[in-house]
Amino acid sequence: DAKTTQPPSMDCAEGRAANLPCNHSTISGNEYVYWYRQIHSQGPQYIIHGLKNNETNEMASLIITEDRKSSTLILPHATLRDTAVYYCIVRDWMDSSYKLIFGSGTRLLVRP
Amino acid sequence: NAGVMQNPRHLVRRRGQEARLRCSPMKGHSHVYWYRQLPEEGLKFMVYLQKENIIDESGMPKERFSAEFPKEGPSILRIQQVVRGDSAAYFCASSPRVAGESYNEQFFGPGTRLTVL
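Line order of the protein sequences matches chains A and B.
Take the first sequence: its position 97, counted from the start at 1, is 97 in this note's numbering, and no numbers get skipped.
Take the second sequence: its position 66, counted from the start at 1, is 66 in this note's numbering, and no numbers get skipped.
Just chain B, same shape as in the assembly (with noise of 0.2 Å):
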């Protein structure tokens, strides 16, 4: 069972160009969540999805980022006109759909690295 893919792991863009971010959830696992890491920072929750919804999107910035997990195919993270201090790690994490459970652990991916010139 491949684990959270994610592409690319790196990417680079220069000033106002548009980030397109890629996460493949575990086989089976509906829920995606999306967290960034700054340099020498921990990470920081940006938004959750299940299959066509957004479930929770309180960490994401108001203006440019936005997320979507689709019916088919990866969950993707969109970041429009991209400044300098977009420059961080993005990672994905997903789990499976637990009905009633009291826990769920959140597998990661190995992230992204956008670099922005």
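Isolated chain A, as found in the complex (with noise of 0.2 Å):
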């Protein structure tokens, strides 16, 4: 089962930033954060991850709070191509599988 949880859905103006949040108060100190997103039927698509520092890529920001125990996706500048279901998965890094607990994500729409 996800150890995560994330609103079913969330909705934003273009060009305004979408604050995604997900709560996992369970997570475990090898635990790394991830987001993925899919996009209408596609392959999910890799975004971002983090353990406990903040992190910034060119697709997005990922606050993590000092206790772990949530964290939130910020998309700066939603465009919409953003519109997508957005999945938040820990994963102990010392996992061997690899494998990715899918939740049920939120579904983002990303209004005009």
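Derived from the structure by calculation, the hints contain no laboratory data.
Incorrect hints may have been included.
To be verified - Straight-line alpha carbon distances no greater than 27 Å define the calculated DSSO-like cross-link-like pairs of lysine-lysine that follow: (1) 62(B) to 3(A); (2) 3(A) to 44(B); (3) 71(B) to 51(B); (4) 69(A) to 44(B).
Assembling the complex is the task here: the two chains are given apart, and the hints tell you how they should meet.
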């Protein structure tokens, strides 16, 4: 079972920041937080990951609370093409299987 | 560098037939994963393979499903005697072999949509 909780849906206006929350209150010290997204029916796309520090790349920023029990994915200037289902996943880096456990995700709708 | 390739993209089978789904990982990737996505649901892990070895098949149904990743050629997910409940999108992902790395980004293919009539 997924170890994360996300709101089922959110929306934001095009050009504004989209802030997607994720709760992972049972996260352990070995577990990373990953974000993937799935646009329409395509294969999931990796966005970003982090352990305890905030992370930023060309796609998004990841803010992890100090106690690591929750995180927020930030799309700074959302576009219509960012409409997708966003999945927050925690994975133990010592798990040699490397499998990803997907939950239900957040369906983000970016409005024109 | 081509991405993960899956074929066919769409597959229609009648109940009782066999379905073979193929996945060619990205060049240089030696880890392959298969996931299944039922309509309106998230992806569910099925199996993790390295060349010629099944590493984790904890998500595979006990009967009718099998997977392989031979030394040469694509990974194959085989479903025997398909039933309507097997209708789903099947996604393959691959990742590189990075010894000691703390994470392994998975690159997903476009999926194969299986419809069982």
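Status of the hints after comparison with the structure:
{"no.": "1", "hint": "62(B) to 3(A)", "result": "holds (25 Å)"}
{"no.": "2", "hint": "3(A) to 44(B)", "result": "holds (14 Å)"}
{"no.": "3", "hint": "71(B) to 51(B)", "result": "holds (6 Å)"}
{"no.": "4", "hint": "69(A) to 44(B)", "result": "holds (24 Å)"}
In summary, this structure violates none of the numbered hints.
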